[in-house]
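J.: Can you make the complete structure from the sequences, with help from the hints?
Just so it is clear: in the sequence shown, position 14 is 14 by my numbering, and no numbers are missing.
Honestly, I wouldn't trust all of these hints.
Computed beta-carbon distance windows for the label pairs [as the list claims (entries may be wrong)]:
| no. | residue 1 | residue 2 | range |
| --- | --- | --- | --- |
| 1 | P61 | S125 | 30 to 40 Å |
| 2 | D15 | I76 | 32 to 42 Å |
| 3 | P109 | G47 | 26 to 36 Å |
| 4 | R70 | K50 | 16 to 26 Å |
| 5 | I112 | I76 | 28 to 38 Å |
| 6 | K48 | S79 | 12 to 22 Å |
| 7 | P109 | K26 | 16 to 26 Å |
| 8 | Y114 | E46 | 27 to 37 Å |
| 9 | K4 | I112 | 11 to 21 Å |
These aren't lab readings, by the way, just hints derived from the structure by calculation. Even for Gly, the Cβ is constructed at its ideal location relative to N, Cα and C.
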Amino acid sequence: MANKKRIMVVDDDKDIRKSVKQILEKNGYKVYSFENGRECLKTLKEGKYKPSLIILDIMMPEMSGWEFQRKLDENIELSDIPIVFLTARSTETAQEMYRRYGVDYISKPFDINYLISSIDKITNSKEKSEQKVNYCS
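T.: And the structure:
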């Protein structure tokens, strides 16, 4: 598949990154994984490629999902990248992040079918305003 959609996964948990990468690659996506937000931002700013979507953990030691999102929004060329939050945080915090900045959030541990369904829906949408999806556990 020459035109694979690119997904970036940013999570400090190696097992989560590996699992999400394997799941998405089996479903036809090209996946780049990052241990922290700083690493991902550096790659984005280098301009090698722009992903169709970023899957972002909220709680990370070097740079939180909040801080990553703020940095992304500060860059006009990167601010339109859809974000799906993947989080173990409380539902209230996840919902707040989703309402403010994301197109969806997925609670850990996550349901594989919901993950794929959400990612497919978002990456197949034409406009960011139409990409909001409703969270269901």
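J.: Compare the structure with each hint and give your call.
T.: Checked hints:
1. P61 / S125: 30 to 40 Å: 32 Å, holds
2. D15 / I76: 32 to 42 Å: Because 35 Å falls inside the window, the suggested range holds.
3. P109 / G47: 26 to 36 Å: 35 Å, holds
4. R70 / K50: 16 to 26 Å: At 19 Å between Cβs, range holds.
5. I112 / I76: 28 to 38 Å: At roughly 35 Å between Cβ atoms, I76 and I112 fall inside 28 to 38 Å, so the hint holds.
6. K48 / S79: 12 to 22 Å: For S79 against K48, whose Cβ atoms are near 18 Å apart, the range 12 to 22 Å holds.
7. P109 / K26: 16 to 26 Å: The hinted range 16 to 26 Å holds for P109 and K26, with Cβ atoms some 18 Å apart.
8. Y114 / E46: 27 to 37 Å: Roughly 32 Å apart at Cβ, these two residues keep to the hinted range, so it holds.
9. K4 / I112: 11 to 21 Å: 19 Å, holds
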